[in-house]
Amino acid sequence: MHVSALPASVTDSASDTLTDPMLSSLDGVRVSYAGSVAALDEVSLLFARGEQVAIIGPSGAGKTTLLHTLGCAIRPTAGRVRVLGRDPWAMPYKALHRLRSELFIAPQSPPLPPRQRVVNAVLAGRVPQWTTWNALKSLLHPLDAGAAHHALAHFRVEDKLFLRCDRLSGGERQRVGLARLLVSKARLLLLDEPVSALDPVLAKGALETLQQEAFARGATLVVGLHAVDLALARFARLIGLRSGRVAFDLPRAKVTDALLAQLYGAELGVAFQEPPSTDDARLKVIRCL
Amino acid sequence: MSTVVRSVGPAPASLRDPSGPARIAWTIAAILILIPAAWLAEFNPATLMGEASLRATGQFLATFFPPALGLDFLELVARAAWKTVAIATVGTTLAVLIAIPFALIANRQLSVSALAEERMCFSCAAVRTGVRWLLIALRTVPEIVWALLFVRAVGLGDAAGVIAIALTYGGMLGKVYMEILESNDARTTRALLVNGASRMQALLYGTLPVCLPELVSYTVYRWECAIRASVIMGFVGAGGLGMQMELSLKMFAGGEVLTMLAVFVALVWFADLVSAALRRWLG
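These protein sequence lines map, in sequence, to chains A and B. The numbering used here applies: residue 1 is where the first sequence begins, and numbers increase by one. The numbering used here applies: residue 1 is where the second sequence begins, and numbers increase by one.
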């Protein structure tokens with residue numbers, strides 16, 4: 001599978017983003033859960049409309065919290081959040097909930113009800129655009145089975161359309177969750193480990209599909225990734241997160257092996273008594289983390 | 001997933017289960033509460049097996065044979081049984097209609113205001129607490145007390161039984177629906193809510209696919225209980241098989257009682273079949 005070149009507008013520097021009315025940003029954001037250390041601390045980031053960004057970092061670095069904060073699912077303890085140009089926590093809660101239908105958070109393991117059929121699990125991504133009455137009707141007879149089939153076909157699971165979700169393998173479930181994103185109308189896509197259960201070929205293909213879709217609808221795409229090689233191969237901008245803080249926020253070309261080793265540093269130290277000496281070996285270790 | 005092997009850190013100071021003492025304490029407390037409770041309830045297996053009670057029970061049971069099988073009586077029983085089923089069915093249907101909105105209002109998992117913050121808004125919490133109290137009030141009053149009340153209000157007959165079942169069972173179903181819906185994996189509904197789905201939509205696409213069989217099966221079980229309850233309420237004049245059974249008991253017509261008990265077993269068995277069929281279908 002070839003790596004499609006990203007359009008120039010996506011790779012542009014953030015110079016003109018400040019004036020973008022659809023800017024999403026975090027400004028000095030801290031998130032602390034009751035009775036534990038801050039999951040995010042002093043995080044300031046800008047995401048321009050249509051930008052595609054990968055967030056990498058060791059487990060527990062705060063990738064999920066960052067995505068959920070950007071998706072109005074967590075209210076920050078301190079600092080300011082802008083989502084698609086708006087301040088979610090200054091809005092009346094009905095307006096906030098309407099804003100939520102313009103963004104899509106894809107959790108790492110898609111929580112699909114086991115008895116639900118795949119077609120309904122996918123169309124659940126369109127439900128926010130429907131009236132409750134239509135949502136009910138669609139349960140009796142799918143309103144847009146064609147859209148669900150089309151979305152599933154992008155991830156090569158269209159033959160599962162009328163199966164129950166508990167008949168799916170882990171990788172198939174993950175792809176059904178991604179198909180849900182395709183039928184949504186969201187303009188800010190926040191994906192948490194979207195391809196963690198897929199083999200390398202499928203993972204690359206799925207990520208490519210998601211990026212093309214985001215580009216086609218002019219949506220901002222922020223992806224939390226464990227696979228550093230995939231992040232380097234497919235994203236023009238990488239954000240390194242460590243212990244809830246931004247370790248680096250750089251274009252792909254400036255992300256050096258040294259930076260990566262530093263990002264995952266403690267993990268390597270714990271994993272091995274003697275750190276491997278050659279760069280090649282170190283990169284391999286990073287890839288399997 | 002990481003495949004590297006981590007070196008083991010320093011061992012914790014103590015490997016003792018921190019919740020162990022609490023578990024032992026609660027077990028002892030439960031036993032200490034049960035013993036005086038059995039004493040208070042005057043539960044003594046010896047009295048049940050005493051000579052006098054065995055003789056009295058035996059004499060009563062002896063009048064049960066043979067069962068009454070006269071054609072006129074069977075017709076009467078059939079009509080009464082049909083009435084009992086009708087009371088139970090209408091009562092349970094009304095109870096479901098009472099329970100559904102309350103269960104939805106009180107469900108914390110579907111709260112949009114509690115989505116991103118640790119507390120939900122004050123007025124939302126107040127409404128939910130109010131609904132919980134209302135459901136408690138509805139089911140605290142036993143159906144037979146409601147029946148006695150409504151026999152005075154609407155007169156002897158089936159209507160009193162229907163209303164009594166609707167109120168008590170509305171409270172019970174509301175509570176159990178609420179608990180079944182809240183026992184669902186919260187991540188399924190949360191994933192929909194954070195992407196902008198409304199409360200009802202999250203219920204339809206996140207909760208119901210998981211909970212529907214359990215809801216239906218519990219409702220059918222309650223319908224079975226309602227059949228039993230409508231028999232009991234017949235004793236206070238709320239119509240159906242119970243009214244007939246009370247007459248027969250008063251006249252010491254044991255054979256008639258046995259026939260009605262047999263019909264009764266058949267009814268419950270039938271309810272069980274319906275429940276099993278529905279579960280298979282929704283499976």
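In short, the hints are calculated from the structure, not lab data. Computed from a predicted structure; not experimentally measured. All residues carry an ideal CB built from backbone N, CA and C; glycine is no exception. Where hints are given, some of them may not hold.
[To be verified] Below 25 Å or equal to it, Euclidean Cα-Cα: the simulated SDA-like pairs (lysine to any residue) are:
1. Lys204/A / Leu259/A
2. Lys137/A / Ser217/B
3. Lys185/A / Arg199/B
4. Lys94/A / Lys250/B
5. Lys137/A / Met200/B
6. Lys204/A / Arg252/A
7. Lys250/B / Pro67/B
8. Lys185/A / Arg190/B
9. Lys137/A / Glu214/B
10. Lys137/A / Glu158/A
[To be verified] Pulled from the structure, derived: some chain A residues nowhere near chain B, Cβ distances all over 10 Å:
11. Pro111
12. Ala121
13. Glu158
14. Thr209
Hints and how they fare:
1. Lys204/A / Leu259/A: With Cα atoms ~24 Å apart, Lys204/A and Leu259/A stay inside 25 Å; holds.
2. Lys137/A / Ser217/B: Roughly 23 Å between the alpha carbons, so the hint for Lys137/A and Ser217/B holds.
3. Lys185/A / Arg199/B: holds, 19 Å
4. Lys94/A / Lys250/B: Not satisfied, since the Cα-Cα distance of roughly 64 Å exceeds 25 Å.
5. Lys137/A / Met200/B: holds, 13 Å
6. Lys204/A / Arg252/A: holds, 17 Å
7. Lys250/B / Pro67/B: Roughly 16 Å between the alpha carbons, so the hint for Lys250/B and Pro67/B holds.
8. Lys185/A / Arg190/B: holds, 18 Å
9. Lys137/A / Glu214/B: Holds, because 22 Å separates the two Cα atoms, which is no more than 25 Å.
10. Lys137/A / Glu158/A: Answer holds: Lys137/A to Glu158/A is near 22 Å, not above 25 Å.
11. Pro111: Answer for Pro111/A: violated, closest chain B Cβ roughly 4 Å.
12. Ala121: Violated, because the least Cβ-Cβ distance between Ala121/A and chain B comes to about 8 Å, which does not exceed 10 Å.
13. Glu158: Holds, since 20 Å exceeds 10 Å.
14. Thr209: holds, 19 Å
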